[in-house]
Every structure is written in structure tokens, then in C-alpha cells.
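Novice: Residues per chain are reported as follows:
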Amino acid sequence: MTQTAWIIPFLPLLAFTMIVFFLRWKEKVASGFSIAMIVIDWVLSLIILAEALGRHGASYEAKILLTSFKTFNLELGILIDPLTAMMLVIVTTVGSCVQIYSLGYMKDDPRFSRFYAYLSLFLFSMLGLVLANNYFMIFIFWELVGLTSYLLISFWFEKKTAADAGKKAFITTRVGDLGFIVGLMLIAAYCGTFNYQGVFEKAASGTVPVGILTAAAIFIFCGAVGKSAQFPLHVWLPDAMEGPTPVSALIHAATMVAAGVYLVARSMPLFVTSADASMVVASIGLITAFIAASIGLVQNDIKRILAYSTVSQLGYMIMALGLYGYDTANGEHSAGYVAGTLHLMTHACFKGLLFLGAGSVIHAVHTNDIQEMGGLRAKQPRTAMTFMIASLAIAGIFPLSGFWSKDEIVASTAHHPLFFVLTLTIAFMTAFYMWRLCFLTFFGQPRNQHRYDHAHESPGTMTWPLVFLAALSVCAGWVALPWLEHGFSSFVYHGEPHHAEPEYLLMIVSTLVSLSGIGLAWLMYHRKAISADQVAAKFKPIYTLLYNKYYFDELYDLIIVRPIVNLGNKLWSFDANVVDGAVNGTAWLTVVWSDAKQWFDATIVDGAVNGAGWLVRQSAAGLRFLQSGTLQFYALFIAGLVAAIGLYRYFGISYTPTTTGLVTIFFLIGLIVLWYVSRSIWRRSTPAAAAEVEEHSVRVEDK
Amino acid sequence: MGPLSSLVYFPLIGMVIVMCLPKEAKVAIRWTSVGASIIPLVVSFALTIDYFFGHAATGLMAYVEGPYDWIPSLNVQYYLGADGISIPLLALTGLLSTLSLLASFNIENRVKEYFAFFLLLEAGMMGVFVALDFFLFYIFWEVMLVPMYFLIGVWGGPRKEYAAIKFFLYTLFGSIFMLVAILILYFTSTPHTLNMMTLIQSGSRLPYMLQMICFIFFFIAFAIKVPVWPFHTWLPDAHVEAPTAVSVILAGVLLKMGTYGMLRVSWPMFPAALKDMAFWIALLGAIGIIYGALVSMAQKDLKKLVAYSSVSHMGYCMLALGAFSSAQAITGCMFQMVSHGLITGALFLLVGVLYERAHTREIAAFGGLGSKLPVYSSIMFFFAMASLGLPGLSGFVSEVMIFLGSFGAVNQVLVGISVLGVVLGAAYILRMVQRVFLGDFDLAKWGKLTEINTLELVTVTPLMVLTLWIGVYPKPLVDLMSATLNKLITLMQR
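As they're listed, the protein sequences go chains V and U.
All letters in the first sequence, in the order written, are residues -8 to 694 by our numbering.
All letters in the second sequence, in the order written, are residues 5 to 498 by our numbering.
If you're looking for bench data, these hints aren't it; they were derived computationally from the structure.
DEER-style ranges, computed between Cβ atoms:
1) V:F13 with U:D483: 30 to 40 Å
2) U:H363 with V:R553: 32 to 42 Å
3) U:P162 with V:I595: 33 to 43 Å
Cβ coordinates follow ideal geometry from the N, Cα and C atoms, glycine included.
Isolated chain V (complex conformation) (with noise of 0.2 Å):
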């Protein structure tokens, strides 16, 4: 079965092309079409796990080429170790779960068909993520997770709440994959190829500089930040519980979001090549767990202390394995890696299960405010019995599967004080806020008595799920069980398989703290013997801070979003402004210039052409005069001319330039003269021909 493993992914993706295109209007048969799949692909995870089993940890690998360039090759392929195998069989157990689930919870949902195709459409893509060989892969299908979840997420996307959280969580578990594709980009460039295995040996080969591979671990674990809800990306996770239940906790829950945990998982031989990478990695982890589950203390919505339980609990795994990378860099054992793995099992059987019962409850009230519940365990006992069990097992309660894989994570701190602190006062908070969540929903009195009336147990469909989940809870950490030879812990070993000896004092120890926060919760929530009110009141500030999940979202809005929006809206005033401005600036420079020169042209170019023909009009008018035909005028002109020439001759000047200058300047002086009193005799003796001429200059002048 191994070999054509290949074929799981596509068989949800079948059962999605199925509905879209034909079976849209079948809902009956697309939801049955789509559970078949799903379930064929539980049988064949269980067959891939046996065979896992079988070969003792050595792995398969089949790839074709996808395309290839100078420097490296593209491929898609399948890789098929333990991690996989468990994963395959994590994702199609809920998988399953999830979708007959459904078949009741969103029963008379107007777009049932199309939830069905979407939930495929999921599965496929997370099949994909799961059983890739490549970093190229794992991001494709990364990516379309990525889209599921959103379309999920906005699946009522009438509601306004709804598409802004799908909205949401895209846009940040982007931000995260931003950091993914860096680090694919140095990998690329300092590897030459994608190929997990390749750049396993790469990396432990030396020849890549320290410096790069921690640069290349902290940016791959950028996109888990992002996809597993880690601080500081961790804002997504809760908002996104607008989606339906189911989606919760199929994706938001179990599966989807512990692909970053996977991720780390699966490029641990990366991580322990660097102490410092490792150490970012379990810093981030420890910070994520206790921001989260200090938050899920006080809140009221059912969901959402489900979903900061759900962060918290895997910045649990993500501190496990980041603890295994820094403790294996420096040459120690830990036991890191297996809590993490194992931690991640157990809690999607836990938490799905939670997530489910939370709808189950939720379909029961219509409300998701614990506030306004209460006393349910006697409407649904079916529902109560499985929450409470799932509840044990996330506080860690001997011996339901919690309590393994808890155990793990807590010996890994054993080497640093401070995660040792920490995790045991995380765990303290995850009874306590478990327990809180369990005592207001099913214990007590009905704090609203219209909803407790019409309250019921859920269908069949919904309840069975249930107990099956209910009963993995139980079971699922026995895999691990320190007295086994051949338990968990060999199974899935990252390097030298290790067998590590039962620690009897840590697991007393973490016992009791679980069940001091349960008591605790007891005795607020149920005795009512410490009233949560006051303590409340007494704490106002943290309890102010906590309820308001510290502000996050706030600080985001207003140090990222609000900027990145205001920076848009500016720049495109600057881009209509200032840049266009400058095309249009130029184009008007060009037709200020060419008016500029039509005007000089007009003007100047043309008035000096239209002056000279003006002057030579205004001199003929005025000289014209001389030619008057009167032959007295001729005479005195003659006269004139000798007389002035007989001067001239009789003094004897010389000729000289000042001389010849001032005889002719004498000369026309005394023709303006003449041509004075001429034209005025002229007028006088003909006035009839003075107005013809001057009607005529009149003509001229108006040409």
C-alpha cells in the first residue's frame, strides 16, 4: 500500500471536483460521495501506519520531476516515514470524525453540498502537506490549506464577523509564510535542492555556514508561527472561531494548525544543527503556551477558550521540540521530540473531541457564552461524558492520553529550570480553565432557563463521533507507555532510537498540579467555597488585561494595520499628485511653452512683418505728397536744390563725413519744409481731392 499512497490526497480532491461539478444539488450523495472517501482514506492511513510499523522506522520515497532549471530540480514526490504515517492517520481519524459529524450539525445549512467541498478540498491539501518530500511541496499545500481555512473560516460569510476573520487569519498566517519563502530561498541558494533528505545531509555535512542554516531554521519557522498560531501571529486562531464547529475542530483544532508543528518536526535535523535557532524555536513555544492559556482563564465564549487552549497547547509541542533541537545541538539526550510528536497525537484526538462536544452544546443552546449555560450534563449526558473525559485527558490525568504526552513534554524541560517552572504553572492554568469551562457548562444550576428548556442531546451523528474520539482520549497515549520495548518514543525517534526509564516523581508530581487547578476550579466554580467575582475584583488589572487577551489585536491595528492602510491611502494621493502630477505637469509645461510661442510668434515674429509693410504705407502716404504735378512746387524744388548746391560750392566745404552729414541733414530739414507747405497749399486749392486721399490712406490702413 505504501507505494500508491500517492493516491490518498486525490481521492478527497475527487470527491470535491465531484461535488462542484456534478453532485452540487445531490446533498445527500455529496455528503455520503465525500465521507466515503475520507473514510477509504482512515483504512488505507491504518495499512500505511501498519506497514510503517513493520519496517522499523526506515522510510519510503517515490518523486517525479516537476520541472527542472540550471541549478536545481523541482519534484513532486511522496515521503513516507513514521511521522508521516501518524499524521496520515491523525488527520483522516478526524477527518472522518469530523465530516459524518457534520452530516448533522449542518443539516439544514443552505450551502451544505459545498461545506462538504470545501471540507475536501481540505483534506486534500492537508494529505498533500502530510506526505510530501520537499520543502517546494510542503509549501503548495501550505498554501492551499491556507486557502480552506479561509474559505471555512468565512463559510457564513453573510457575517460581517465571519469574513473578517477568514480575512484575518489569511492575511496573517501570510505574514508568516513571508519568513517561508526567505527561508526556501536560502535553502534553495545554499542546498540546491528542496528535497527534505538533501537538505538534511547538506545541512549536517558542514559545508553551509552555521549562520545560514539558523537564518534558513528561524525563517522556515516563521510560516509555522503563522500556521500554528504561535506569538507573536497567534491573533488568527481565535477570531477564527466564526467558522463552523465542525471546521474548528478539524482544522482549527486537530489538524491544520498543527501543520507547523509538523513542520518543525519534520526539519528537526535542520534545527539541531543549530543551538540558537532551537532556542528562538522553545522560547516562542513557552511564551505562546503561557500568553494563551493565561488568556483562556477568564474568557466566556465556549469556542474561544478552546482556541487559546488549542494555541496553548501547541506552543506545549512547539517548546518540546525546540527544547530537543537546543539540547541535541549541545550533545544531550531529551525527550523533546517524542513529547512533541506525541503530544500532538494525543491532543487532536482531545481537542477535536472538545471542539466537537463545544458544538454539540452549541447546537443544543444557540449560544456560545458559558455564562447563560449550566447544568447541561442532565440534558446531554452523552455530550457531558465525552467533554468531561476529553477534559481529564488535556489536564493530564493518569492514565488518559493527556497525561503521556504531558508527562514527555515535562521531563524535556528537566535540563533548563525556567521551562521547567512554566510548563508545570501552564499546566496548573489548562486544568484550571478546562475544569472552569466544564463546571459552568454541565454542573450547576441553568443560569438561563429558556435555553436550558429547549436544550436536547444531539443526534446520532453527532454523539458517535463523539464517543469514538472520547475513547482514542483514553487509549491513544498508551502507545507511549515507558514500560513498552517497543513503544511510541522508538517508533517515531528522530536519530538513535532511546528508551527512556519511567519517571516516577515527575509524574506525581505533574499530577498534582493538574489536579490542584481542577480542585481549584471545583472550588470556585462548584462549591462557589472562593467567589471568582472577588477574586476578580481583587486582581482588576490582570484580570482587565487577560479579558482583553493583552491587547493584541489592538496594538496591531494600530501599529500595523492602520499604518499599512494610511501608507496605501498616501501613497496613492503621492502617485495621482506627485508622479502623475509630474506627467501632467510636463504636458502642461508644453502647452504653457507652445502659447508662449504662438503669442511671441503673433506678436512679435509677426507684428515686426506686419510693421514694416505699416511703415512702408505710412511713409508712401506721407511722400506721395511730394509728387503733387504742380509745377510751381517742381520749380521752387529746382531752385531750391541749385541755390543749397550753390552754397555749397561758393563756401567752398570740403568734403568731409560732419560736413556732408550736416548738408544733408540742412537738406531734408528743408524738403520736410518744403513738403509742409506744399501739401497744405495742395488741400487749399483741392479739398475734394484731399478727402479721396485720405479715404484712401484709410483703405490702406484697414488692409
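Place chain U on chain V using the hints.
Specialist: Just chain U now, kept in the frame of chain V:
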């Protein structure tokens, strides 16, 4: 007539026939035009397939016609040819032309002139991609301007005259520089020639200063066409005013001419100048990516948003062109050209579909269309996802190739900053999707909106199929181009 000439002349013949038809015969005019564009479509796809099997391995120039003497006294030749970078663009042009003509059936005003101009435009576009002689290249380059000017200026929106003149003058301004550069090349070559293939050899031997001048002059001409930031402002105006089909052609084909010109002409011809300018080109690309995305976010008009997203997406091409030494980056650039043509072409078609019914493109006017128009919304969502680079669709392949390729080939900080475009892209696309398709549906206002009709479906379906195909299986397209690109990269690195 060889196959490449037929790509140019069939639209021209179609244009002549359309002009001879009486202007009342609208149906005949429409179908004649579609018919005249289907022939080049079929030929270009046949050439693609033939090139893929026959020539892609070598990447050589194929289907060469000429060089025939055309104006012997100037040594101008009729010289056509196609290789791995022109073939996919020819197919893209063929496809988008036919689809745009189909999308133009709703034009009722001056039908005859519209389709005649459209066919002339197609001839010009085809010509640019097949010309191997600068004279011919320049002619085709300029020939496109005229029909484009009229298509925007006559059939456009409210500010059509402004947009048309801006487009025309801006592009013409760039062409002048190109003409000067071509003349420099012509007069420095011995014997004087305009043959691009010869000039690619001799251009690299020019003195450094002259190379730099020619490079910059060509760059201005091509950059305006791409458009590279900060030469981009004609684009939003032209897009917003142009009729739907013209927007499709503008975004799908015309923008590609700029990057095609760079790859065909200025990059391989002036390697010394290219080497020194590479950083600045990548910088302009990075600015374009971020700037375009941020400005898209501020848009209130759907078409303008898509237009600015083009600025951002063509920025990826420029980033890759700055990283010319990486085969992957340059392949990514070509891939992005094809992919952007398909995706943005489809987005403009779809915006047109909505505008046709709602008579507004204001994003804020809509909301909740997803519940009323499921088919239309799904298709729009498909292309929105393709535009933001979702894996499995073509945009992702090109983005990843460009990022991975350019990381080792230009300043790494620049590439790191460009990656921000991925998040900003998601932000503006999802904001748009949310405001138009999600949320409450205003039944009173948009109750009469009708679903996408069959003809419109026919126009977008091929684009969907191709976007998905080359997104899922990019190998054939990469193989089609890679040999040619490797040869060009060798030339660029001389």
C-alpha cells in the same frame, strides 16, 4: 505567405473586409472579425505545439521569413522569425484577441470602426512579436498606437479623451528615444543595418558610453510600456476609461511588449550597460511591487484596483529582469508575462461583466454578491486567488520562480523586501473580495443583477483552464521557453 506573416495579415484582411461591409450589418461585422482573429489564433497555437516538439530543445529562431530586401538603399529588410520567447506571447495574443472580440459584442456604437480598429491592433501586436528588423519592429510598435488611441478615445468612459491622449503621447514620447537608439545602432554598424540578429552581435562591441546611452533610451521606451514605476500613471487612466475588451488587450498583451522588448533587444544587445544597471532595474521592480500593492489597497474603483495590481505584478518581471544571470528568474519573468496576461485579462473581463449589469465599479457599492451570483463570484474568486499567487494556479509558479531565482542573482535585501508583496497582495485582494462578494447582500439595490451569461462564460473558461493547467503543470511552458532563454542569458552575460 509564411505562418508568421499570416499572423499579421489575416487580421489586416479581416479589417479590410469589415470596412467593406455596410455599417448596419452589425452581426456580420462581429462574426467576420471573430473569424479573422480565429485564424491567427489557430495558427499561433499550432506554431506553439510545433515549436514545442520541433524546436524547443534547441531554442533557435524558427519559421524565419526573409531577410528579403525591402528598401535596399537603406538596407531595410522584411525579416520575421519566432523563438521561445515570442511563441508563447503570440499564442497569448491570439487567444486574448479572439476572446476580447467576443467580449466586444455588446458594443453598439460605431460597430464597424470599432472592429476594424481592433483588427488593426491585433495585426500590430502580432507584428511586434515576430519582427526581426528594427524598421519593421518600429512600424508595428507605432501602428498599434493609432487604433488604441481611437479605441480608448471613442468607445471609452467619461474621461476618455484625456486617457487616450495621455496614453498616446506618453508612449510616443518613449518611442522617440527608441528611434534615436535605433538610429545610433544603424549608423554605428558597418555595413549599416537594422537587422536585430546582426545588431545583437555588433551592439555589444559598441563603446561603453554609447552602449549606456542606447540602453537607457531603449529602457525608457520599454519601461513606459511595461509600465515600470514611475512611468506607470498612464495605465490606471487608460484602463479605467477603456472599454472592457480594450483593457484586456492592454493588460494582457501591450504591457508584455515592454518586457518582451527588453528581453529581445536591449538586454542581450548591451551586456556591459546591463551589468551596471541591473541593480537599479531590480530596485525599480521592487518599488513597483510594493508601491503597486499599497496603492491598490487604497482604490475604490474595481478596475483601478486591477490596474494598479498590474503595476505590482509587472514589478515582479522587472525584479527578475534585474536578476538576469539567473535562468530561473528570467524563466519566471516570461512565465509571469504569460500568467499575468491570462489572469489580469480574465479579471478585466469579469469586472466588465459586473459593470455591464451594475453600471458602477465602485467597490463600496457592492457586498454579498457571493450569495446572489454564486457562479460569477466563484470564477472571480478563482482569478483573485490566482492573482494573489495561490499555489496550483499560474501566478504562484512565476512568483516563486522569480523569488528563488533572483535571490542569488541580485541584492538579497531587495528580494527580501519584494517578498512583502506577497502579503500586501493578499491584503488588497482579500479586502476587495470581502467588500464585493462577502457580507450582506443588498436585495433592494442589486436584486435585479443577473448571473454571468453563456457568452461571457465562454470567454473566461479558456483562461481558467490555462491558468490552472500551467499552474499545476508548468513544465511544458517552461520547456517551451528555457532553451531560448538560456541562449539569451548567455548573450546577456557576455
